[in-house]
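As given, the protein sequences belong to chains A and B, one line each in that order. Mapped onto UniProt numbering, the consecutive letters of the first sequence carry residue numbers 1 to 453. Mapped onto UniProt numbering, the consecutive letters of the second sequence carry residue numbers 1 to 453.
Any given hint might turn out to be false.
[As the list claims (entries may be wrong)] A short list of chain B residues far from chain A (calculated; beta carbon distances all over 12 Å):
id, residue
1, L11
2, P20
3, L37
4, L69
5, S145
6, D157
7, I172
8, Y209
9, I240
10, S409
[What the hints assert, rightly or not] Taking CB as the label site, the calculated pair distances span:
id, chain 1, residue 1, chain 2, residue 2, range
11, A, G299, B, A214, 27 to 35 Å
12, A, V238, B, P265, 21 to 29 Å
13, A, N100, B, E286, 51 to 59 Å
14, A, N100, B, G427, 51 to 59 Å
These are calculated hints, taken from the structure and not from any lab test. Every residue, glycine too, gets a C-beta built ideally from N, C-alpha and C.
Protein chains: 2
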Amino acid sequence: MDLVRELRGILSEEQVTNNPTVLEQHGKDESYHTPSLPDVVVFPKDRYDVINILKFANNYKIPVTPFGLGSSLEGHVIPYQGGISIDFQLMNKILEVRPNDLLVRVQPGVTRSQLNKELKKYGLFFSVDPGADATLGGMAATNASGTTAVRYGVMRDQVRDLEVVLADGRIIHTGGLAAKSSSGYHLTGLFVGSEGTLGVFTELTLRVYGIPEAIMAARANFPSVKNAVDAAVAIISVGIPVARIELVDARSIRQVNLHSKTDFPETPTLFLEFHGNEDGLKKDMESARELAMENGCRGFEFETDSKRRAQLWEARHHLAYAFLHGYPGKKMMTTDICVPLTELSGAVERARETIDQSGIHGGVLGHIGDGNFHTLLMIDPNDPEEMQIAEQINASLVEYALSRGGTCSGEHGVGVGKAKYQRKEHGEALDVMLSLKQTLDPNGILNPGKIFR
Amino acid sequence: MDLVRELRGILSEEQVTNNPTVLEQHGKDESYHTPSLPDVVVFPKDRYDVINILKFANNYKIPVTPFGLGSSLEGHVIPYQGGISIDFQLMNKILEVRPNDLLVRVQPGVTRSQLNKELKKYGLFFSVDPGADATLGGMAATNASGTTAVRYGVMRDQVRDLEVVLADGRIIHTGGLAAKSSSGYHLTGLFVGSEGTLGVFTELTLRVYGIPEAIMAARANFPSVKNAVDAAVAIISVGIPVARIELVDARSIRQVNLHSKTDFPETPTLFLEFHGNEDGLKKDMESARELAMENGCRGFEFETDSKRRAQLWEARHHLAYAFLHGYPGKKMMTTDICVPLTELSGAVERARETIDQSGIHGGVLGHIGDGNFHTLLMIDPNDPEEMQIAEQINASLVEYALSRGGTCSGEHGVGVGKAKYQRKEHGEALDVMLSLKQTLDPNGILNPGKIFR
């Protein structure tokens with residue numbers, strides 16, 4: 001079949017292409033995973049285009065893979081079985097802002113920075129902040145999070161309703177506008193994080209927040225990772241409503257100093273942020289400082305002014321770039337385990353030791369209020385030995401997390417990279433997931449090969 | 001088949017009964033819905049008992065209905081097709097408290113007050129507080145909430161993991177101990193709120209919170225419901241982290257005064273609570289007071305001391321009793337719609353007018369930070385005319401909510417009472433729910449007749 005011609009019969013000519021450059025752009029993501037080309041890329045303009053694409057694909061059993069900006073980290077958007085890549089760049093409108101309902105309705109191709117720019121006019125913000133300026137459709141598909149999950153929750157907590165086109169072209173709404181509901185099954189929660197394997201999103205209704213009256217930021221240096229993590233756990237446990245609490249290890253701070261010619265103390269460092277009213281924040285900050293000091297903190301600085309807050313957090317912000325620029329030609333493999341708080345210190349220390357022993361260069365940083373941390377491993381994907389070592393580090397951390405009740409992925413998702421750990425993590429629940437997949441996508445056209453091997 | 005004898009072959013003799021009194025206790029809930037008896041009641045002691053019960057029931061296609069304490073409000077536990085009522089009163093152990101992970105693992109028969117009594121020893125509390133002292137299994141099954149959802153979330157937000165026995169006797173874990181995960185489908189969210197129609201819970205891992213450093217309570221009187229709701233919406237919108245914000249209407253305050261010989265001002269009243277540090281609370285309280293005054297507040301009192309806080313909230317606490325005691329012989333039909341914040345004022349006013357015009361006695365109270373409110377309608381279930389009027393009020397409120405993006409049930413669930421609104425609320429998504437139900441329970445043995453008509 002001439003896929004391009006068939007699809008041009010359904011969409012308009014300029015919405016369908018097999019231009020080699022465009023195919024190549026849709027055959028990879030930001031990860032180390034091997035690229036693989038789609039047969040064709042389509043650019044739907046609205047829900048009706050998506051319905052028609054899916055009806056066609058389902059009829060001819062052609063794989064479809066939704067594509068936002070390609071910032072996934074586990075190969076989610078790579079169409080390993082070819083077929084149709086659905087690029088949402090033309091569906092990038094902010095459809096409605098309901099400031100007094102603290103809700104916004106968007107198309108899936110809207111990026112988080114695009115949304116925040118618009119929301120600022122209303123004194124509002126959208127809380128989820130993964131490293132990349134990802135699309136909101138992609139963020140919902142992977143249940144993304146970032147530095148604010150400890151206070152505001154993950155992507156799943158923000159999605160009030162999804163408009164979803166199912167494999168057979170039916171279109172549904174998974175939720176509504178109410179802040180809570182006990183009416184029927186929680187389809188919203190099921191579709192968020194389903195990575196394009198259960199349906200394709202055409203509209204999202206998201207929860208937003210008022211920009212806080214006051215924001216304070218802090219940076220705290222510790223003699224050891226254990227001290228830093230213990231301080232973080234203490235701060236969380238007593239219920240100080242920290243908005244962000246990030247760990248950066250000494251090796252990573254050194255990388256930032258090398259890259260930016262800065263002289264930050266090269267010790268494990270906590271970066272904190274507090275949102276609220278000024279009086280409350282001062283008290284929270286004081287309590288956090290005390291708990292840090294009780295856990296060996298050797299320096300605790302804080303700032304209120306937005307420019308100086310950014311300076312205080314500079315080492316955290318520049319981290320990924322510092323590694324990428326420091327190792328030209330290498331790619332970054334990022335681990336993503338998440339463990340219960342009491343297991344965090346052990347897990348982070350284990351990670352640091354494992355990296356040091358491996359000979360691979362890399363840093364440890366974490367959203368440690370959630371028990372989630374990443375190792376950034378600098379590797380050459382074309383060097384089989386280096387790849388194998390990095391895979392072993394990844395596997396060893398996942399093993400450690402699973403043995404302690406944790407998960408292989410706190411926020412990046414499964415894609416192809418974490419598919420091999422699904423049986424171990426979920427046991428028989430994986431069969432339940434698979435039966436849901438088969439029920440909603442009997443022909444297996446929706447992003448095949450992802451989540452399930 | 002002699003069900004009792006067969007089940008006694010699987011369980012022990014004292015775990016199986018068809019004693020008429022026990023059958024009667026398991027044939028009703030706290031609602032106005034018509035009772036209907038099970039054929040037999042069983043009392044499992046552990047997961048293996050539950051597995052064996054379900055394997056047996058599935059083999060012979062016998063309906064099973066899980067039963068906690070019977071405090072459901074939409075007929076959830078009433079076995080309209082007979083069969084086996086599974087009572088979880090022997091599975092009432094708190095299995096593990098992990099204070100530093102802010103987690104607890106319990107059996108489904110544990111009640112919320114039983115859990116909070118234990119947690120208090122650790123300086124912790126469990127946040128979800130429906131009116132009844134329900135079991136945690138039942139609360140998870142209906143995605144219950146209560147007065148604290150505006151700050152801490154609903155039941156679904158607290159459940160980290162469920163151990164679930166499926167219709168065919170397979171047993172799975174839906175989640176883990178990590179605070180967040182992007183690994184696989186969100187089965188926890190799917191099973192929470194599934195009302196016993198997808199599986200039977202045998203263990204729950206729940207999130208708990210540190211008891212806040214300081215608590216303040218307030219009570220504010222308004223000339224109209226609209227003023228009170230507008231004040232509440234203003235307080236929520238600017239992001240004051242209120243822990244509770246409840247509306248009680250004038251008619252309800254009058255009922256409390258009649259019942260308790262008190263002299264609370266008979267005006268629409270907001271009851272508020274704030275959790276945090278003392279400095280922050282004072283500031284939050286001051287901001288809330290200002291917003292209340294800007295919206296016509298005629299009296300704003302607040303208290304810090306726990307005893308005086310309880311007195312301040314007395315009218316709210318005594319509300320349901322005041323109505324039940326004021327109308328002996330009548331039952332309470334409770335509506336449960338939830339709407340976007342901007343639709344709340346109109347919905348509450350509409351509810352009040354509809355009740356006043358109907359001739360039925362009743363009050364309006366609401367968890368209005370979430371947009372959720374109840375009308376308490378005092379009715380005689382044996383009076384067909386009164387029942388019809390109350391059903392019409394319910395239907396009219398649901399219609400109003402659905403036309404504005406809301407839901408027929410904010411927290412009570414569907415059961416049989418809200419099943420007739422599911423198609424209207426969910427459209428084609430109801431077919432998706434039904435296909436998931438058929439996949440996981442092909443013989444239709446799990447709480448048949450609930451959610452789906």
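Practice task
Say whether it holds or is violated: B:I172 keeps its Cβ farther than 12 Å from all Cβ of chain A.
Solution key: violated (4 Å)
Exercise for the section: Mind verifying the non-interface call on B:Y209? Its CB should be farther than 12 Å from each CB in chain A. Expected result: violated (6 Å)
Practice task
Against chain A, does B:D157 hold up as non-interface, every C-beta pair farther apart than 12 Å?
Solution key: B:D157 not clear of chain A: closest Cβ-Cβ about 8 Å, inside 12 Å.
Problem - Beyond 12 Å from each Cβ of chain A, as asserted for B:P20 - result: holds (33 Å)
Problem - Status of B:S409, Cβ more than 12 Å from any chain A Cβ - result: Answer for B:S409: violated, closest chain A Cβ roughly 4 Å.
Exercise for the section: Return holds or violated for the Cβ distance of A:G299 and B:A214 against the range 27 to 35 Å. Expected result: holds (29 Å)
Problem - Beyond 12 Å from every chain A Cβ - status for B:S145 - result: violated (6 Å)
Exercise for the section: Starting from the hint 51 to 59 Å, judge whether the C-beta atoms of A:N100 and B:G427 obey it. Expected result: Since the Cβ atoms of A:N100 and B:G427 sit about 26 Å apart, the hinted range of 51 to 59 Å is violated.
Handout entry: Range agreement (Cβ of B:E286 with Cβ of A:N100, hint 51 to 59 Å)
Key = violated (22 Å)
Practice task
Say whether it holds or is violated: B:L11 keeps its Cβ farther than 12 Å from all Cβ of chain A.
Solution key: holds (24 Å)
Exercise for the section: Against chain A, does B:L69 hold up as non-interface, every C-beta pair farther apart than 12 Å? Expected result: holds (18 Å)
Practice task
Given the hint of 21 to 29 Å, check if A:V238 and B:P265 actually sit that far apart at their C-beta atoms.
Solution key: Roughly 38 Å apart at Cβ, these two residues miss the hinted range, so it is violated.
Of the numbered hints given earlier, the model fails hints 5, 6, 7, 8, 9, 10, 12, 13, 14; all others are met.
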